[in-house]
Amino acid sequence: MEIVFALAVGVLTASGIWLLFRPRTFQVIIGLSLLSYAINLFILGTGRLKTDAPPVIPRDAATDPALFADPLPQALVLTAIVISFATTALLLVVLLALRGLTGTDHVDGKEHDKSRNLNQDDPQNHDQKQDDQ
Amino acid sequence: MNGLMQHLVVTPILLPLVVSAAILVLDEQRRKLKRGITLLAVLGLIINATMLIVVSAKDSVPIVYLLGNWTAPFGITLVADKLTAIMLMLTGILALATLLYSFARWDRAGPRFHALFLLLLMGVNGAFLTGDLFNLFVFFEVMLAASYGLALHGGGMARTRVGLHYIAINVATSLLFLIGVALLYSVTGTLNMADLAMRIPAVPREDIMLLEAGAAILGIAFLVKAGMWPLSFWLTPTYAAAVMPVAALFAILSKVGVYIILRLTSLLFGDESGTTAHFADDWLYAAGIATLVYGIVGVLAARRLAIFAGYSIIMSTGTLLASIGMANIPVLTGALFYLVSSTLGIAALYLLIEPIERHHDFDEPAPAPEPVFEDEYLAYYEGGHEDEIGVVIPATIAILGVGLAFCALLLAGLPPLSGFIAKFAIISGLLGEGQAITAASWVFISLIIISGLAVLIATTRAGIELIWSPTESSPTLSIVEAAPIAFLLAVCLGLMLFAGPTMRYMEEAVRAIGQKNLYIEATMKTPSSTQP
Numbered sequence: 013m014e015i016v017f018a019l020a021v022g023v024l025t026a027s028g029i030w031l032l033f034r035p036r037t038f039q040v041i042i043g044l045s046l047l048s049y050a051i052n053l054f055i056l057g058t059g060r061l062k063t064d065a066p067p068v069i070p071r072d073a074a075t076d077p078a079l080f081a082d083p084l085p086q087a088l089v090l091t092a093i094v095i096s097f098a099t100t101a102l103l104l105v106v107l108l109a110l111r112g113l114t115g116t117d118h119v120d121g122k123e124h125d126k127s128r129n130l131n132q133d134d135p136q137n138h139d140q141k142q143d144d145q
Numbered sequence: 073m074n075g076l077m078q079h080l081v082v083t084p085i086l087l088p089l090v091v092s093a094a095i096l097v098l099d100e101q102r103r104k105l106k107r108g109i110t111l112l113a114v115l116g117l118i119i120n121a122t123m124l125i126v127v128s129a130k131d132s133v134p135i136v137y138l139l140g141n142w143t144a145p146f147g148i149t150l151v152a153d154k155l156t157a158i159m160l161m162l163t164g165i166l167a168l169a170t171l172l173y174s175f176a177r178w179d180r181a182g183p184r185f186h187a188l189f190l191l192l193l194m195g196v197n198g199a200f201l202t203g204d205l206f207n208l209f210v211f212f213e214v215m216l217a218a219s220y221g222l223a224l225h226g227g228g229m230a231r232t233r234v235g236l237h238y239i240a241i242n243v244a245t246s247l248l249f250l251i252g253v254a255l256l257y258s259v260t261g262t263l264n265m266a267d268l269a270m271r272i273p274a275v276p277r278e279d280i281m282l283l284e285a286g287a288a289i290l291g292i293a294f295l296v297k298a299g300m301w302p303l304s305f306w307l308t309p310t311y312a313a314a315v316m317p318v319a320a321l322f323a324i325l326s327k328v329g330v331y332i333i334l335r336l337t338s339l340l341f342g343d344e345s346g347t348t349a350h351f352a353d354d355w356l357y358a359a360g361i362a363t364l365v366y367g368i369v370g371v372l373a374a375r376r377l378a379i380f381a382g383y384s385i386i387m388s389t390g391t392l393l394a395s396i397g398m399a400n401i402p403v404l405t406g407a408l409f410y411l412v413s414s415t416l417g418i419a420a421l422y423l424l425i426e427p428i429e430r431h432h433d434f435d436e437p438a439p440a441p442e443p444v445f446e447d448e449y450l451a452y453y454e455g456g457h458e459d460e461i462g463v464v465i466p467a468t469i470a471i472l473g474v475g476l477a478f479c480a481l482l483l484a485g486l487p488p489l490s491g492f493i494a495k496f497a498i499i500s501g502l503l504g505e506g507q508a509i510t511a512a513s514w515v516f517i518s519l520i521i522i523s524g525l526a527v528l529i530a531t532t533r534a535g536i537e538l539i540w541s542p543t544e545s546s547p548t549l550s551i552v553e554a555a556p557i558a559f560l561l562a563v564c565l566g567l568m569l570f571a572g573p574t575m576r577y578m579e580e581a582v583r584a585i586g587q588k589n590l591y592i593e594a595t596m597k598t599p600s601s602t603q604p
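So the sequence lines, in the order shown, correspond to chains A and B. Counting in our numbering, the first sequence runs from 13 upward without gaps. Counting in our numbering, the second sequence runs from 73 upward without gaps.
Certain hints may be false.
Using 25 Å as the maximum straight-line C-alpha spacing, the simulated SDA-like pairs for lysine to any residue come out as follows [said to hold, decoys possible]:
no., chain 1, residue 1, chain 2, residue 2
1, A, LYS122, B, ARG376
2, B, LYS130, B, PRO402
3, A, LYS122, B, GLY227
4, A, LYS122, B, TRP306
5, A, LYS122, B, LYS130
6, A, LYS122, A, ASP64
7, A, LYS122, B, HIS237
8, A, LYS122, A, GLY22
9, A, LYS122, B, ALA230
What follows is a set of in silico ranges between Cβ atoms, one per label pair, in the way DEER data are often shown [said to hold, decoys possible]:
no., chain 1, residue 1, chain 2, residue 2, range
10, B, ASP353, A, ILE69, 40 to 50 Å
11, A, GLU14, B, ASP99, 51 to 61 Å
12, A, VAL105, B, LEU282, 36 to 46 Å
13, B, LYS130, A, ALA98, 40 to 50 Å
14, A, LEU79, B, ASP99, 52 to 62 Å
15, A, VAL105, B, ASP99, 20 to 30 Å
16, A, ARG36, B, PRO302, 37 to 47 Å
17, B, TRP355, A, GLN39, 24 to 34 Å
18, B, GLY566, A, LEU61, 18 to 28 Å
19, B, ILE280, A, PRO67, 40 to 50 Å
Source of the hints: derived by calculation from the structure; they are not laboratory data. Using N, Cα and C, we set each Cβ at its ideal position, and we do this for glycine too.
Work the whole structure out from these sequences, hints included.
Following this line, the structure appears as structure tokens:
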């Protein structure tokens, strides 16, 4: 179980970081979401992996902590999920606003590669174009 | 501490939260009412901070508040000591000045300004007060969420573009924060800061590496917020694009990062922390020096005052981080004084920028945003330039010039203002106690002095370009804009006049955060209240 778990966290993190460094806003958001999934799993893992163990200790039972799952990381994960959900939603709104304002989905609000090369000999023209947008 | 007084620790969080929720219900067009309520809340926060300063001056035991009456380390604890009280006071003063300034017209540039403003204050106050790492995360997120809204306040393409970068970077940083918290939890089994401080010396040898890695990753999250080089490239454009009262308030956000670094290094990795003691100090020193150099270069290169102010924040962060890395009480006392004085100076500078640059058109006005809800009030855009409300005062250019000169002296650290006292205290701490002065101290001292020179050069240039150059129309300045700037500078003057008692209080604050036993005892031994 540990290997599968570690692989899942690793693959999610790697894909998330790769997407985070991509130039399109949508890729960045997906990257951040994948990263937050990886980290939620990671937090769960810090409570030690255990199956079929309840997180709540009954009041009268003999308490051997080894029989129970650690409830704290589960609570932390819940909080982290809610917060990352909310910030992702906000990020989506900003993404759409930027797309509407600039007409491109590049994270810098302008294309860096081809359109720039076309205008390179005439910086005035390039600036003009930006102002028009 | 009994009775009503003990609730002083929780009101800096509850008051802005409740008021923010309440004014959200009000129609956006009832702006005067919203302004009044927000102003009262901020004044309440300042009174609260003053009372906390008075109460905590009596003895060095931190005041502990158990939320929900659960004893530490099981429940949520809030801890207030002298350092916290100072930071709460600083936040209150900044909030009052920026709020008053925003009444000129900025709070009309977009909807829900006051609610977001109060939420930001709640997050900042919570981050100062919290006694455990996970609530620190929650308050940090509240603060960040409000700051996203405020950074985008007013809309427009420039703000949206840097806003996207700002949000993406901070979301990624929060994830680092979570990794750090999770690693610390997996090693020690607790997230309460007092409990952590107790358990860290007993961490077995094979886990030390994991513990230090966790603490370092956690630290990175705060260093991004504080604006450490090379993690600070987002800071200058974001703050320069935000509306100026918001940028001035954001000056406290980087200090939240610095505060937490100071708190955690002294509490968790102080003198008595076994093998991990002071493990981060060299790194913090090196990072501080690099940040200071980056700030100096940036300040010299800046062509606009808003950019200059951003690099001043980075410079101030560099000085503070290097001081924390030095880990000696006189230096830290000077650094705390410097923190307060430079934050006030930078905020005053941000507030000055807009009146000074008003008649030098650098960029086109932002296009009007579309209203989302029916009650959103867009008179700012519809009304054009009838927005100069309040009494317009004469001799504007002279007043602006004096203000800029004040800020320059404050940030450069020239006598007689508080910036000089702060830098002098840091340098005298570095030179003091008759011991041999290390090369690290010399580098730091020379950079502090060079940074002052750089600020002076940059502000002189800006003054010549903006104050002396002729414009078609003479600038106008309303009382409601001039008063907050004057207020901030007056607080700096007060700091200078009462430097003696302030320094003594700050020295006690620095000594208190070094004594982790007091913190642990106060937190762990506070009994739950027996009253129903």
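### Task
Give me the numbers of the hints this structure contradicts, sorted from smallest to largest.
5, 6, 8, 16, 18 and 19
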